[in-house]
Amino acid sequence: MTLQHFMNEAISPWMREEGPDSDIVLSSRIRLARNFSDVSYPILADLEKLEDIQSFFKEEYEHQTFQDYEDFAFIPINDLTSTEKRVLVEKHLISPHLAKNSQAAAAMISKNEQVSVMVNEEDHIRIQLYFPGFQLNKALEKAFEFDDWLEEKIDYAFDETRGYLTSCPTNVGTGMRASVMMHLPALTMTKQINRMIPAINQLGLVVRGIYGEGSEALGNIFQISNQITLGKSEEDIIDDLQSVVRQLIEHERKARSRIMEQSSIKLEDRIFRSYGVLKYSRIIESKEAARCLSNVRLGIDFGLIQDVSRNILNELMVLTQPGFLQQYAKKTLSANERDVLRASLIRERLQLEK
Amino acid sequence: MNCQECQERPATLHFTQVINGNKTEVHVCEVCAKTKGYMAYPEEGYSLHNLLSGLFNFESVKKENQQGKTYKQMQELQCPKCDMTFSEFKRIGKFGCAECYETFSSRLDPIFRRVHSGNTKHFGKIPKRKGGDLHTKKQLDSYKAELQSLIETEAFEEAAQVRDKIKALENQKGDSKGG
Ligand SMILES: [Zn+2]
Ligand SMILES: [Zn+2]
Numbered sequence: 001m002t003l004q005h006f007m008n009e010a011i012s013p014w015m016r017e018e019g020p021d022s023d024i025v026l027s028s029r030i031r032l033a034r035n036f037s038d039v040s041y042p043i044l045a046d047l048e049k050l051e052d053i054q055s056f057f058k059e060e061y062e063h064q065t066f067q068d069y070e071d072f073a074f075i076p077i078n079d080l081t082s083t084e085k086r087v088l089v090e091k092h093l094i095s096p097h098l099a100k101n102s103q104a105a106a107a108m109i110s111k112n113e114q115v116s117v118m119v120n121e122e123d124h125i126r127i128q129l130y131f132p133g134f135q136l137n138k139a140l141e142k143a144f145e146f147d148d149w150l151e152e153k154i155d156y157a158f159d160e161t162r163g164y165l166t167s168c169p170t171n172v173g174t175g176m177r178a179s180v181m182m183h184l185p186a187l188t189m190t191k192q193i194n195r196m197i198p199a200i201n202q203l204g205l206v207v208r209g210i211y212g213e214g215s216e217a218l219g220n221i222f223q224i225s226n227q228i229t230l231g232k233s234e235e236d237i238i239d240d241l242q243s244v245v246r247q248l249i250e251h252e253r254k255a256r257s258r259i260m261e262q263s264s265i266k267l268e269d270r271i272f273r274s275y276g277v278l279k280y281s282r283i284i285e286s287k288e289a290a291r292c293l294s295n296v297r298l299g300i301d302f303g304l305i306q307d308v309s310r311n312i313l314n315e316l317m318v319l320t321q322p323g324f325l326q327q328y329a330k331k332t333l334s335a336n337e338r339d340v341l342r343a344s345l346i347r348e349r350l351q352l353e354k
Numbered sequence: 001m002n003c004q005e006c007q008e009r010p011a012t013l014h015f016t017q018v019i020n021g022n023k024t025e026v027h028v029c030e031v032c033a034k035t036k037g038y039m040a041y042p043e044e045g046y047s048l049h050n051l052l053s054g055l056f057n058f059e060s061v062k063k064e065n066q067q068g069k070t071y072k073q074m075q076e077l078q079c080p081k082c083d084m085t086f087s088e089f090k091r092i093g094k095f096g097c098a099e100c101y102e103t104f105s106s107r108l109d110p111i112f113r114r115v116h117s118g119n120t121k122h123f124g125k126i127p128k129r130k131g132g133d134l135h136t137k138k139q140l141d142s143y144k145a146e147l148q149s150l151i152e153t154e155a156f157e158e159a160a161q162v163r164d165k166i167k168a169l170e171n172q173k174g175d176s177k178g179g
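Line by line, the protein sequences give chains A and B.
At position 193 of the first sequence the residue is numbered 193 (UniProt numbering), and the sequence of numbers has no breaks.
At position 68 of the second sequence the residue is numbered 68 (UniProt numbering), and the sequence of numbers has no breaks.
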């Protein structure tokens with residue numbers, strides 16, 4: 001796999017498959033933090049030691065295949081342009097932290113982009129594994145298998161009492177952060193979400209509006225994840241997260257059908273206006289694009305819009321981010337130029353659907 | 001819902017934290033989350049800085065009460081491997097290496113309790129290869145508990161079977177050490 005491959009497409013290959021409950025849950029992710037037992041953590045370690053880790057990963061895993069995760073690309077972060085880093089962040093293949101602290105840092109990404117391993121982030125190893133739709137159990141199972149595969153060659157920092165030892169005390173124990181991305185337009189429209197968030201927080205889960213830079217959950221997309229990593233098994237953490245997600249799905253579905261019953265013409269108008277804006281506008285800001293994309297996706301879920309694929313939301317949310325636009329234009333763009341290119345890319349993409 | 005810090009931008013990050021035993025809700029915007037130290041890294045989704053600073057304020061009060069003693073202990077805690085001192089750890093909120101956990105172990109329980117809803121011990125996965133002995137040890141512990149309860153209920157036949165399993169496991173353990 002080459003870097004170019006990851007740069008060209010906004011949508012990762014694994015996203016093309018539809019998972020369970022994918023009308024509401026866009027994706028499930030498991031992240032595991034691991035460290036080498038005998039090397040200090042990246043904040044303190046000698047550069048030389050971190051470079052050893054980097055070369056270890058290149059030598060052992062570049063072009064290797066594990067199960068469905070084929071032909072791992074090895075990408076040293078320092079070799080990337082700032083736009084390329086930004087694109088990998090926008091595709092959630094690396095974290096902003098890795099992009100910023102790129103000393104001896106690397107990313108290992110499988111061909112289907114379902115697995116990415118960040119090397120020398122805050123911890124030596126951060127495994128990320130994605131599944132489409134609501135599949136946390138499956139994602140955990142695969143993440144564990146992948147973790148065992150890495151462990152064949154790596155001595156992990158592990159302690160009987162404290163579990164997997166991490167640089168930050170908030171990750172110690174399982175080192176696991178499980179999360180789901182949910183599209184919750186109806187709960188947002190009815191403002192029910194504002195009442196539900198504190199209740200979810202009380203259960204030890206974190207709710208985050210994503211894609212937002214200082215704005216409310218852009219595109220009505222929320223990330224729900226576990227807060228604690230110590231004292232509960234990975235399976236129990238996931239059970240708790242799943243039961244909350246299941247309830248949210250139910251509430252969102254109820255809210256959707258209630259809106260449809262009570263104000264169907266208003267809703268249709270809103271959906272088709274948004275469709276019109278995306279189809280014909282010449283200048284569009286990311287905030288407006290996100291709002292319209294969320295509405296169009298809802299229209300697809302209701303069966304009102306039939307000739308557009310559901311993936312349009314995930315794909316265009318990434319494609320219309322600043323990094324991706326600049327990658328596409330092959331140059332740095334002003335905010336105005338971005339708004340023009342964004343509108344044109346969206347028009348083009350919707351044309352393709354026909 | 002607006003950000004509780006700036007009252008201006010909409011809140012995008014929502015979680016609870018425990019301060020002095022009370023659960024408090026936090027609703028902040030992306031900007032305040034970063035600038036007011038609610039999260040070390042935005043992708044992590046929640047605060048460490050604030051969680052820890054609350055804890056450490058509490059510690060400094062204790063320090064004054066007990067005068068020189070606690071202060072001296074604090075000075076002495078330094079990781080032999082990475083040289084990180086306990087006060088440095090408190091300042092940046094990160095461990096320097098795996099051995100820091102051992103070095104600072106006497107001071108960590110209150111921190112873990114605060115960050116992980118009262119928990120201090122790991123209950124999850126054990127590394128497959130490295131944890132080999134641990135897996136056996138856990139299995140042995142559960143057999144021994146089973147044996148104990150079988151003997152108490154005078155189920156001697158089953159107890160004998162469990163005792164055989166224990167013996168087999170212990171032999172296996174001895175073998176793998178020898179080889
Ligand atoms: Zn704010
Ligand atoms: Zn240390």
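Be aware that a few hints might be false.
Only part of the chain A face toward chain B is listed, based on derived beta-carbon distances under 10 angstroms [to be verified]: (1) Glu17; (2) Thr190; (3) Asp239; (4) Gln242.
25 angstroms max Cα-Cα, derived DSS-like pairs, lysine-lysine [claimed, not checked]: (5) Lys36/B to Lys153/A; (6) Lys144/B to Lys153/A; (7) Lys128/B to Lys138/A; (8) Lys34/B to Lys49/A; (9) Lys130/B to Lys100/A; (10) Lys167/B to Lys153/A; (11) Lys100/A to Lys36/B; (12) Lys34/B to Lys287/A; (13) Lys144/B to Lys128/B; (14) Lys130/B to Lys153/A; (15) Lys128/B to Lys100/A; (16) Lys128/B to Lys85/A; (17) Lys153/A to Lys34/B; (18) Lys128/B to Lys58/A; (19) Lys81/B to Lys36/B; (20) Lys331/A to Lys100/A; (21) Lys287/A to Lys331/A; (22) Lys287/A to Lys330/A.
If you want the footprint, here are the derived chain A segments under chain B, 3+ residues with CB under 8 angstroms [unchecked claim]: (23) 52 to 64; (24) 192 to 203; (25) 225 to 233; (26) 341 to 351.
Hints in this document: simulated from the structure, not taken from any laboratory.
Ideal Cβ placement from N, Cα and C applies to all residues, glycine included.
Practice task
So, Asp239/A near chain B? Judge it on the closest CB pair being under 10 angstroms.
Solution key: violated, 13 angstroms
Problem - Lys167/B paired with Lys153/A [C-alpha distance capped at 25 angstroms] - result: violated, 31 angstroms
Practice task
Using Cβ atoms only, decide whether Thr190/A comes closer than 10 angstroms to chain B, and label the hint accordingly.
Solution key: violated, 14 angstroms
Handout entry: 25 angstroms limit on alpha-carbon distance, applied to hinted pair Lys130/B and Lys153/A
Key = It holds: about 10 angstroms lies between the C-alpha atoms, which stays within 25 angstroms.
Exercise for the section: Hold the hint about Gln242/A up to the distance rule: shortest CB distance to chain B must be less than 10 angstroms. Expected result: For Gln242/A, the interface hint is violated, since the closest Cβ of chain B sits about 16 angstroms away, which is over 10 angstroms.
Exercise for the section: Would you mind confirming whether the straight-line C-alpha gap from Lys331/A to Lys100/A stays at or under 25 angstroms? Expected result: holds, 20 angstroms
Problem - Holds or violated: Lys36/B to Lys153/A, with C-alpha atoms at most 25 angstroms apart - result: Violated: Lys36/B and Lys153/A sit about 41 angstroms apart, past 25 angstroms.
Exercise for the section: Quickly compare the C-alpha distance for Lys128/B and Lys100/A to 25 angstroms and report which way the hint goes. Expected result: violated, 33 angstroms
Handout entry: Distance restraint between Lys34/B and Lys287/A, which requires alpha-carbon spacing of 25 angstroms or less
Key = holds, 21 angstroms
Handout entry: Given hint Lys138/A paired with Lys128/B - CA-CA distance at most 25 angstroms
Key = holds, 19 angstroms
Problem - Distance restraint between Lys287/A and Lys331/A, which requires alpha-carbon spacing of 25 angstroms or less - result: This hinted pair holds, its Cα atoms lying about 22 angstroms apart.
Exercise for the section: Mind checking the alpha carbons of Lys144/B and Lys153/A for me, to see if they're no more than 25 angstroms apart? Expected result: violated, 33 angstroms
Violated hints, listed in ascending order, are 1, 2, 3, 4, 5, 6, 8, 9, 10, 15, 16, 17, 19, 23 and 26; each of the other numbered hints is respected by the structure.
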